[in-house]
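One line per chain: the protein sequences are E and L, in this order. Under our numbering, the letters of the first sequence match residues 18 to 373, in that order. Under our numbering, the letters of the second sequence match residues 58 to 412, in that order.
Please note that the accuracy of each hint is not assured.
Here are the simulated distance ranges between beta carbons [unchecked claim]:
no. : chain 1 : residue 1 : chain 2 : residue 2 : range
1   : L       : S329      : E       : A194      : 40 to 48 Å
2   : L       : F181      : E       : Q44       : 54 to 62 Å
3   : L       : K120      : E       : I188      : 29 to 37 Å
4   : L       : N253      : E       : I348      : 38 to 46 Å
5   : E       : L333      : L       : D138      : 45 to 53 Å
6   : E       : H180      : L       : L338      : 22 to 30 Å
7   : E       : Q369      : L       : D138      : 45 to 53 Å
8   : L       : D138      : E       : F224      : 47 to 55 Å
9   : E       : G24       : L       : L338      : 27 to 35 Å
10  : E       : V328      : L       : P234      : 21 to 29 Å
11  : E       : I348      : L       : S329      : 39 to 47 Å
12  : L       : D138      : E       : K373      : 54 to 62 Å
13  : E       : I357      : L       : S329      : 46 to 54 Å
14  : E       : I188      : L       : E121      : 50 to 58 Å
Computed far set for chain L versus chain E, every beta-carbon distance over 12 Å [what the hints assert, rightly or not]:
no. : residue
15  : E119
16  : K139
17  : F157
18  : E161
19  : D188
20  : N251
21  : E255
22  : Y260
23  : D289
24  : F344
25  : K348
26  : Q354
27  : P373
28  : L377
29  : L401
One side only, chain L facing chain E, incomplete, derived with CB under 8 Å [claimed, not checked]:
no. : residue
30  : D263
31  : D272
32  : N281
33  : D285
34  : N300
Treat the hints as calculated values from the structure; they're not laboratory data. Bear in mind that the values here come from a model prediction, so they are computed numbers and not experimental data. Idealized CB from N, CA, C, for every residue including glycine.
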Amino acid sequence: MDWRRFGFIALIIAILFSVMVLIGRVQTSPIVIVTSMMATTIAVATPLTLGALSGIFCERAGVVNIGIEGMMLAAAFFGWLASIYLNHVYKFAPLPSLIGGVVAAVLTGGLFALLHALLSVTFKVDQIIGGTVINILAVGITGFLNRQLFFEEGSIFGGDVPHAPGTLPRIAIPILADFPVVGRIFDQQPITFAAILLVMVTHFVLFYTRWGLRTRAVGEHPRAADTVGISVERVRYMNVVIGGLMAGLGGAYFTLESVSSFEPLMTNGRGFISLAAMIFGNWTPFGAWAAALIFGAAQALQINMQFFREVIPPQLAILQISYVVGLAPYILTMIILTGIVGKTVPPAADGQPYEK
Amino acid sequence: MKISRVLLAVLLTMALILSACGPQAPDCSKPEVFCVGLVTDVGKIDDKSFNQSTWDGVKQAEKELGAIVNYIETTDAKDYDKNIATFVDAGYDVIVTVGFGLGEASIAAAKKYPNVYFIGVDQFQAWAVDDDPTNDLPNLAGLIFPEDQAGFLVGALAAMMTKTGKIGGVFGTDAVPPVWRFGEGYRAGALYINPNVEIFIVYHNDVGFDKTFTDPEWGAQTANSMVDKGVDVIFGGGGKTGNGAVIAAAQRGIYAIGVDTDQYYTLPEAASRLLTSAMKLLTPGTFELIKFAKDDQAGVGAFPAGNYLGKCGYAPFHELENEVPAEVKAKMEEINRMLLDGTLQTNVLPAKPSE
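Same shape as in the complex, but just chain E (with noise of 0.2 Å):
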């Protein structure tokens, strides 16, 4: 791991957070500051954790995807109307309604990412074009079926605004939980510890694995990886529709987790966003997941720049322009591409169709 890059993210956080202990603390004392800006940091970082996840496992193979975003939207999408369809058509309890809706997000990740790994590896499409497909197929899909479904004479729900199960519920660790301050990590929902979980095993695959070691073979010199007998076109297609996946359980993040309802266009650019969280952790799990924390905590300083906003000193006013926070991770992304704090280095053969 590189830990000059791991060490500027730490330091970028804690300053994000030390701006708003400054500030805040005349108000309201320093402990609730940070407990509820990590609250909402982490929550925040979920979707786009499990998004760079997503293109790492791609990217490390070869594949480049920027139809994450559509994965995502599409998987928010069908995750819901299964936990919907499950509780009322079927009449599960709401949990097991909402555990289904899950696996059927993941599920259609996955059926997306097969699409684009057809695209880009069979038929070897410009995986750029192939991605951006996978973006467009999904906003249309979802809002045609949601307005046929939903909205329109005779639909299921007779166009009334269907009830959906709720959201998963938070799971309290038991003693972690209660610690002071770093307990609230440790009180999060379900999907939000499977991102967490997940960026470890993806460490652990991809580093020390003989599965890992092929991805990346695959991806840095997929001749070298053919001649020594691995199928390049194997070992492409898992690894992007177990992307896929990852994606797919990324969308569910929005519809069962975050708010029960579901609304177009509703993953707003968060899945572009993973992609700069991708690059801005140099491919690798640990550091995409800091970069997707920089991201949750520019926007716990926002929210809460707001909430303080009477007592904010006037020398830092422009803090209060939700524009000027917003835009610190994509310069920060902008300074870590320039190559300050270690090079950041793609896969040699990313985004190359192989020929034999």
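Got chain E; can you put chain L on it based on the hints?
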């Protein structure tokens, strides 16, 4: 195979022709028949929200003014003009268009058909407040609302119901004047009850206009952040973004307050914790304007072209009826009455002052 394709083509064509027929009301072209048509925004007439409340006003005109009434449900924003024209071609006298989204279509139609009255619900008419008389439209009235009063009402309620002394509001961008008025009205109402109440107000200003009202995830995270700081009443005002906040507040078990119409019916996920909603009273406003149009046509009154200010209110407490103390209910009625007769002013500016 081939035959089935031809059959399909014929069926689809027929479906197109049939669906384009629209309302059947041949006698509307006669001058003695008073016809009112309503064009919905994208959505259904019985949406328990904007469309339905406006349609109730039109139906009141049917009952009390003997009007022939009909509606067209818009399924695609591209059809606004076509749907309005369908009513004009059928000889309708008054056409009600529902929602901010039809604003431009209403202005274009009012210019094109000067003999038809147009009522634009929630459509602010900028031409009515500028100095240029050449762009005035004598046949178009925008029904707008004092959102600051609605915000004031629920702000007062929030300040009376909070136990922690901390209340929150999650809104779309404050660059949209009605949103700003909801937010600042809320603040003013809370401070009117208790000058020491702590108010957390957050606008979703950090994204473009295309996203600020359609980001329920952001709304939910913001609401959660407020709950973490001890807030126990949250007002969500700003389309789907606000809905996200209302749902999240309800999930965390604190009081939630909806916006625009009675959201008890539109957000079933939040119903059990929904204290009230800051409402725009669409039904009476629509009816009044239809009546003005009828009087104007008969030469006994004038149609209030330009901006027509409707009234605001607050929704019933529904499932929380028993949690709201009687003195709070009485105070709410008193504030509502004082706002309506003008003895109480919110002192909220019409729009956010530029810095």
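Against the structure, the hints:
1. Taking 40 to 48 Å as the suggested C-beta distance range, the pair S329/L and A194/E does not conform, at roughly 26 Å.
2. Here the CB-CB span from F181/L to Q44/E is close to 36 Å, at odds with the stated 54 to 62 Å.
3. Checked against the hint of 29 to 37 Å, the pair K120/L and I188/E fails, with Cβ atoms roughly 55 Å apart.
4. Between N253/L and I348/E the Cβ separation comes to about 40 Å, which falls inside the hinted range of 38 to 46 Å.
5. Take L333/E and D138/L: their Cβ atoms lie about 49 Å apart, and the range 45 to 53 Å holds.
6. One distance hint, 22 to 30 Å for the beta-carbon pair H180/E and L338/L, holds here, with the actual separation near 27 Å.
7. Between Q369/E and D138/L the CB atoms are about 49 Å apart, so this pair conforms to the stated range of 45 to 53 Å.
8. For the hinted restraint 47 to 55 Å between D138/L and F224/E, the CB-CB distance of approximately 60 Å leaves it violated.
9. Checking the proposed 27 to 35 Å range against G24/E and L338/L shows it is violated: the Cβ atoms sit about 58 Å from each other.
10. The supplied range of 21 to 29 Å is met by V328/E and P234/L, whose beta-carbon atoms lie about 27 Å from each other.
11. Checking the proposed 39 to 47 Å range against I348/E and S329/L shows it holds: the Cβ atoms sit about 44 Å from each other.
12. As the Cβ distance of D138/L to K373/E is approximately 56 Å, the hint placing it in 54 to 62 Å holds.
13. Checking the proposed 46 to 54 Å range against I357/E and S329/L shows it holds: the Cβ atoms sit about 53 Å from each other.
14. One distance hint, 50 to 58 Å for the beta-carbon pair I188/E and E121/L, holds here, with the actual separation near 57 Å.
15. At roughly 22 Å, the least C-beta separation between E119/L and chain E is larger than 12 Å, which holds for a residue marked as non-interface.
16. Every CB of chain E is more than 12 Å from the CB of K139/L (nearest about 18 Å), matching its label as outside the interface.
17. With a minimum CB-CB distance of about 17 Å to chain E, F157/L clears the 12 Å threshold, and the non-interface call stands.
18. With a cut of 12 Å on Cβ distances, E161/L stays outside the contact zone with chain E, its closest approach being about 21 Å.
19. Its beta-carbon lying about 32 Å from the closest one in chain E, D188/L satisfies the requirement of being farther than 12 Å from that chain.
20. At roughly 16 Å from the closest C-beta of chain E, the C-beta of N251/L stays outside 12 Å, upholding its exclusion from the interface.
21. The non-interface label for E255/L is inconsistent with chain E: the shortest C-beta to C-beta separation is roughly 8 Å, within 12 Å.
22. For Y260/L, the non-interface assignment is contradicted: its Cβ lies about 7 Å from the closest Cβ of chain E, within the 12 Å cut-off.
23. With a least beta-carbon separation of about 14 Å from chain E, D289/L lies farther than 12 Å from that chain, consistent with its non-interface assignment.
24. No beta-carbon of chain E is positioned within 12 Å of the beta-carbon of F344/L; the least distance is around 24 Å.
25. Every Cβ of chain E is farther than 12 Å from the Cβ of K348/L; the closest lies at roughly 30 Å, confirming the non-interface assignment.
26. Separation of Q354/L from chain E is adequate, the least Cβ-Cβ distance of about 34 Å exceeding the 12 Å criterion.
27. Even its closest Cβ contact with chain E, about 19 Å, leaves P373/L beyond 12 Å, as expected for a residue assigned away from the interface.
28. Under the 12 Å C-beta cut-off, the non-interface status given to L377/L relative to chain E holds; the minimum distance is some 18 Å.
29. With 12 Å as the threshold on Cβ separation, the claim that L401/L sits away from chain E holds: the shortest Cβ distance comes to roughly 25 Å.
30. At about 4 Å, the closest approach between the beta carbon of D263/L and any beta carbon in chain E falls short of 8 Å, and the interface hint on this residue holds.
31. Against a cut-off of 8 Å between C-beta atoms, the interface hint on D272/L holds, since the closest Cβ of chain E lies about 6 Å away.
32. For the restraint placing N281/L at the interface with chain E, the shortest Cβ-Cβ distance is roughly 7 Å, inside the 8 Å limit, so the hint holds.
33. Residue-level restraint check for D285/L holds (minimum Cβ-Cβ distance to chain E is 4 Å; threshold 8 Å).
34. Interface restraint check for N300/L: the shortest CB-CB distance to chain E comes to about 7 Å, inside 8 Å, so the restraint holds.
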